[in-house]
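Please construct the entire structure, taking both the sequences and the accompanying hints into account.
Number of protein chains: 2
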Amino acid sequence: MDVLVAKPTTHLVQSIEADEVRIRTLTTGRDVRLAARSNTLTVPTSGVAATYLQANLLILPSRYAADFRLLCARNPVPCPLIGESAETGAYGSIKSNIPGLPDSRILADADIRRDAPRYNVYHDAKLVKQGCLDITEEWTEDHVAFLVGCSFSFETALTVAGLTPRHTVLGRNVPMYRTNIPLCPAGVFTGSTYVVSMRSYKASDIEKVREITRGYNATHGEPIAWGWSALENLGIVDIDIPQWGDSPLTEDGRRLSEAKDSDDDVPVFWGCGVTPQEAVMVSGIKGTVMAHAPGHMLLLDCTNSDIA
Amino acid sequence: MDVLVAKPTTHLVQSIEADEVRIRTLTTGRDVRLAARSNTLTVPTSGVAATYLQANLLILPSRYAADFRLLCARNPVPCPLIGESAETGAYGSIKSNIPGLPDSRILADADIRRDAPRYNVYHDAKLVKQGCLDITEEWTEDHVAFLVGCSFSFETALTVAGLTPRHTVLGRNVPMYRTNIPLCPAGVFTGSTYVVSMRSYKASDIEKVREITRGYNATHGEPIAWGWSALENLGIVDIDIPQWGDSPLTEDGRRLSEAKDSDDDVPVFWGCGVTPQEAVMVSGIKGTVMAHAPGHMLLLDCTNSDIA
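As you go down the protein sequences, you meet chains U and G in turn.
Under this note's numbering, think of the first position of the first sequence as 1, with each following residue one higher.
Under this note's numbering, think of the first position of the second sequence as 1, with each following residue one higher.
Read the hints as simulated data drawn from the structure, not as lab findings.
It is possible that part of the hints are untrue.
Same chains, same label: a pair holds when it works inside one copy or across any pair of copies.
[As the list claims (entries may be wrong)] Derived DSBU-like pairs: lysine-lysine, alpha-carbon spacing no greater than 30 Å straight-line:
{"#": "1", "residue 1": "95", "residue 2": "129"}
{"#": "2", "residue 1": "286", "residue 2": "202"}
{"#": "3", "residue 1": "208", "residue 2": "126"}
{"#": "4", "residue 1": "286", "residue 2": "95"}
{"#": "5", "residue 1": "260", "residue 2": "202"}
Rendered as structure tokens:
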């Protein structure tokens with residue numbers, strides 16, 4: 001999951017119980033969008049309508065659209081582009097970036113300004129609104145929305161194979177880290193680096209984990225690095241202190257770094273959908289940029305099997 | 001150009017003069033292929049039939065084809081896949097990997113086993129033949145050929161814009177360097193890193209150089225890094241000692257490192273087509289792998305403008 005730390009507000013905590021009942025009735029991507037549109041879904045979307053694809057959302061002034069498209073094309077592992085506004089200003093129709101996946105299969109009957117449960121708004125690369133319920137005021141006819149793949153899809157596949165990610169077993173967010181691996185620059189988007197998500201596995205399971213996630217290229221695909229030695233290569237100083245998400249734990253609740261000498265908990269790193277948001281912020285671009293609030297993804301009409 | 005050090009043999013030196021006359025008559029990609037097929041082209045193909053696309057060639061046992069295809073898809077900047085054998089064992093027909101570019105436009109009337117001027121052959125990841133004239137003996141019905149973009153295309157565009165790469169002005173090979181930037185792994189292809197080519201430019205020209213090369217995404221596109229500080233980020237220890245090609249010089253023939261304090265010669269780095277050969281060798285895969293001899297590229301039927 002591409003989930004930033006989302007500290008629940010008092011309102012959120014109060015509504016979680018009601019939401020847990022309600023989200024069980026949300027079985028399709030469209031169900032979830034309609035619930036978000038009517039502001040009746042206030043918890044993160046992890047595990048909601050589990051067979052449907054969830055997307056990172058990034059909305060830019062049109063003058064940056066070509067460069068962002070190129071950034072995704074040049075960095076498809078951390079920034080797998082699923083689709084974008086059918087035309088500048090279009091918040092209801094998406095054109096597909098995935099060969100063989102028709103536009104209509106990605107998103108129909110949608111309002112991208114309201115259909116993610118929560119949004120963030122940036123102005124001149126600074127966060128000015130966090131977790132707002134819609135972006136109807138901020139959206140202009142000059143904006144272009146981009147949908148970027150989210151690793152939720154392969155987490156379902158791992159779970160089906162009996163390799164459930166530890167963070168979901170423990171009810172925690174996936175840990176995410178800044179790295180020193182440079183993104184290939186594209187136009188205004190320069191100077192940024194990969195963000196990675198981490199799930200730990202037994203050393204003997206890593207090849208199977210690689211195989212299972214390999215087919216999910218539209219949602220980050222197979223890991224980019226694994227093993228304790230990968231930390232130095234990625235420039236990760238402390239595995240226990242991720243930059244986003246919750247710190248990783250062993251099965252019995254110890255810090256992951258304490259498992260360094262066993263083969264039971266080897267860190268495995270994947271490209272992460274927080275990367276494009278980072279790239280936008282590092283670039284310092286001007287104007288109003290909008291995104292989903294991390295953890296509160298946009299649900300699509302296509303299913304995980306459509307893109308595997 | 002994706003050119004490894006190609007030390008001319010005595011035979012090569014003797015034939016260069018005759019070749020220089022002959023290559024002026026080779027105006028199309030097909031002309032060059034036919035000359036190579038009849039073994040009458042023995043010099044590197046840099047500058048030959050300049051408007052036609054040149055390709056890096058990599059030929060693998062079919063069991064590695066899916067992983068190599070994925071390696072290219074995950075690393076499109078250093079490994080831009082133009083096309084591959086229409087089916088396993090096909091050395092005469094190519095299917096296009098470039099949207100909008102028909103198969104027939106890439107290569108018609110070809111024999112990939114004979115149409116590159118010179119080849120290298122590897123067995124179990126070790127070089128066993130260097131610069132041979134054909135690979136008809138080594139090719140089997142189980143082999144798949146891949147064509148990977150070559151930066152020749154954008155060098156022509158730079159020259160047209162008055163930004164002729166220094167190495168071509170000086171009649172030297174482009175310098176190429178190993179880096180510590182990891183490739184995103186794909187199946188058997190793990191543990192390898194980007195190879196980059198370098199051309200130096202005035203600091204004030206770099207944005208223009210970026211713009212011109214940006215459109216050439218099928219042949220590495222815009223630079224991945226620039227400036228003297230990039231050396232540390234890429235893990236390049238000594239700019240004067242490239243791992244392939246000739247050492248870079250200033251306009252007046254000094255070592256490039258001596259220009260470090262001026263804005264006249266700032267190193268600019270691009271993804272390089274040597275990367276996939278490196279990745280194949282680092283992976284230690286078994287069986288017979290073939291490639292063009294670096295510098296002796298396969299000429300295609302499409303032109304630079306077809307892919308820009």
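How the hints compare with the structure:
no., hint, verdict
1, 95 - 129, "within (28 Å within a copy, 49 Å between copies)"
2, 286 - 202, "between (45 Å within a copy, 28 Å between copies)"
3, 208 - 126, "between (41 Å within a copy, 29 Å between copies)"
4, 286 - 95, "within (25 Å within a copy, 42 Å between copies)"
5, 260 - 202, "within (12 Å within a copy, 48 Å between copies)"
Violation of the numbered hints given earlier is absent; every hint is satisfied by the structure.
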